Amino acid sequence: MHISEGILSGPVLGTGMAVAAIGTAVGLKRLDYDHIARAGVLSAAFFVASLVHVPIGPANVHLLLNGLVGLFLGWGAFPVILTALILQAVLFQFGGITTLGVNTAAMAVPAVIVRYAFGPLIWKRPPVAQAAAFACGFGAVLLGAVLVGLALIFTGQEFLEVTGIIMAAHLPVMVIEGVITLFAVAFLKKVQPALLPGYCARPVDDTPEGKNEIDTP
Amino acid sequence: MFDEPFATGRSFIHRIDPRHRIVIAVVYSFVVALTDRFAPLTGALIVSLALAALARLRPAAVWRRLKVVFGFLALIWIVLPLTTGTPFLARIGPMGISTAGVLLAARISLKTTAILIEFTALVATMPLATLGHALGQIKMPEKLVYLVLMTYRYIHLLENEYQRTVRAIRLRGFLPGTNMHTYKTYAYLIGMLFVRSVARAERIEWAMRCRGFRGRFYHLVDFVPTPATWIFSAMMGIIIFWIAILEWGPHLW
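Those protein sequence lines, which keep their order, are chains A and B.
Every letter in the first sequence is one number past the one before it in my numbering, and letter 107, counting from 1, is 107.
Add 1000 to a position in the second sequence, counting from 1, and you land on the number used in my numbering.
I should point out that these hints are in silico values taken from the structure, not numbers from a laboratory.
Any given hint could turn out to be false.
Simulated coverage check for chain A against chain B, where a stretch passes if three residues somewhere in it have a Cβ under 8 Å from a Cβ of chain B [as the list claims (entries may be wrong)]:
no., region
1, 42-48
2, 92-99
3, 118-127
A few chain A residues that face chain B, going by a derived Cβ cut-off under 7 Å, partial list only [claimed, not checked]:
no., residue
4, Glu5
5, Arg38
6, Pro79
7, Thr83
8, Ile86
9, Phe154
10, Glu158
11, Val162
12, Ala184
13, Gln192
14, Pro193
15, Pro197
16, Tyr199
Predicted model only: the values in this text are computed from it and were never measured.
All residues carry an ideal CB built from backbone N, CA and C; glycine is no exception.
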């Protein structure tokens, strides 16, 4: 879901840059140096995971995983996605300098939105939790496609049909992202729940003083 | 997988100060992206090709990179001429090929190609470590520079880990297809990648703390702009100014 260089108008590029700059500033501010190694490794993991190609019928699509990025990192999604896009631009020439802002915003804004809309729900009972995890993946790609569409339409009415094609092409991606996010969240809940937001570990404290503390909510 | 085919070389461009190259690339990209007339756009494409020649980029490698965007450009060439509306250049049955649509598609193609070639010539010609340090020296936030360098450091390693897991599931007879089992397997594979990454990140943090890490990487080589750098920057400044004049200046021609 990249917009190539040379398509969007000046105001749209400017808006994208402003949104990306604000988001990145907030994200970096919340990223303290104690956890920055972890953010770096996670961002590398996302970069690699987004190269995974998943079959769908005769074709295959690559994953975006911005829903998961949002779940793991919240506002940290902005700097992490910006970093991934810089690396993609240099290593593969996907996207470039002028669209860095718009592309970062189109992926990171949905990531932060789904994190706060559905993140708290993933610890509810299974049907709700599963629906929330699916919505994280599905919603993040849907919102991303909407933002890309808006960027194109604000550039020129001529892009209405192109926008329609892009939205339609992303529909299967949304469903697959939803399904993958659902299973990945279920997996992480069992294996490494501390990665997910809102997880509070119940401390196992065997001391007599500690025992009293656990029972009090 | 993540090789940098243009990063090393002894061309004129490779010897220009990376900070200057980044700043020039940013300004040039924006000016070209905002240009709409055909004269400056054609000029920009020629300048970009000249930069690629100066950087001694192998045409085959550049072409391989360009193919990625050409898919999108093909979509634009199919859709825009058919949907932009009158006046028509030609008619095919009930459909008309719109003049405005063809012009718009041509404009976008010129811009995209010019910007991509210029970016490859100026920025992809430095190793990522150099790019990271240069970004730091042009006052990008330290944490962002750190993230870029750290991510670059670990993508190779995690890509290996990913390939290892893929080999393991293949050996167990995994055949990807359009079914729930496939998606579940990929989801667990990705989940496992994150679990391993977090475990690794913890060990990295300890190791870095043991070595007295204080939140930044040090760069041992100072970038010194050579006279060639100043001449190149001045030339590029004039060229960018010339493109801007062609686009926005008084139209005497």
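Going down the list of hints, with the structure as the test:
For the region 42-48 of chain A, the stated coverage by chain B holds: 6 residues have a C-beta nearer than 8 Å to a C-beta of that chain, and at least 3 were required. Only residues whose C-beta sits within less than 8 Å of a C-beta in chain B count toward coverage, and the region 92-99 of chain A has 6 of them, enough to reach three; the restraint holds. Using a Cβ-Cβ cut-off of 8 Å, 0 residues of the region 118-127 of chain A lie near chain B, which falls short of the minimum of three, so the contact claim is violated. Interface hint status for A/Glu5: upheld, as the beta-carbon distance to the closest one in chain B is roughly 4 Å, under 7 Å.
Of the supplied interface hints, the one on A/Arg38 holds, with its beta-carbon coming within about 4 Å of a beta-carbon of chain B, less than 7 Å. Look at A/Pro79: its Cβ gets to within about 6 Å of chain B, closer than 7 Å, so that hint holds up. Because the beta carbon of A/Thr83 sits about 5 Å from the nearest beta carbon in chain B, less than 7 Å, this interface hint is met. Because the smallest distance between the Cβ of A/Ile86 and any Cβ of chain B comes to about 6 Å, under 7 Å, the interface hint for this residue holds.
A least Cβ separation of about 15 Å between A/Phe154 and chain B goes past the 7 Å threshold, and the interface hint is therefore violated. At a threshold of 7 Å, the smallest CB-CB gap from A/Glu158 to chain B is about 5 Å, leaving the interface hint in force. The beta carbon of A/Val162 is positioned within 7 Å of a beta carbon in chain B (closest approach about 5 Å), and the interface hint is therefore held. With a cut of 7 Å, the hint placing A/Ala184 at the interface with chain B holds, because the nearest CB-to-CB distance is about 4 Å.
A cut of 7 Å between beta carbons decides the hint on A/Gln192: the least distance to chain B is about 5 Å, and the hint holds. Because the smallest distance between the Cβ of A/Pro193 and any Cβ of chain B comes to about 11 Å, over 7 Å, the interface hint for this residue is violated. Given the 7 Å rule on beta carbons, the hint for A/Pro197 is violated: about 14 Å separates it from the nearest Cβ of chain B. At a threshold of 7 Å, the smallest CB-CB gap from A/Tyr199 to chain B is about 13 Å, leaving the interface hint violated.
Violated hints, in rising order: 3, 9, 14, 15 and 16; the structure is consistent with all others.
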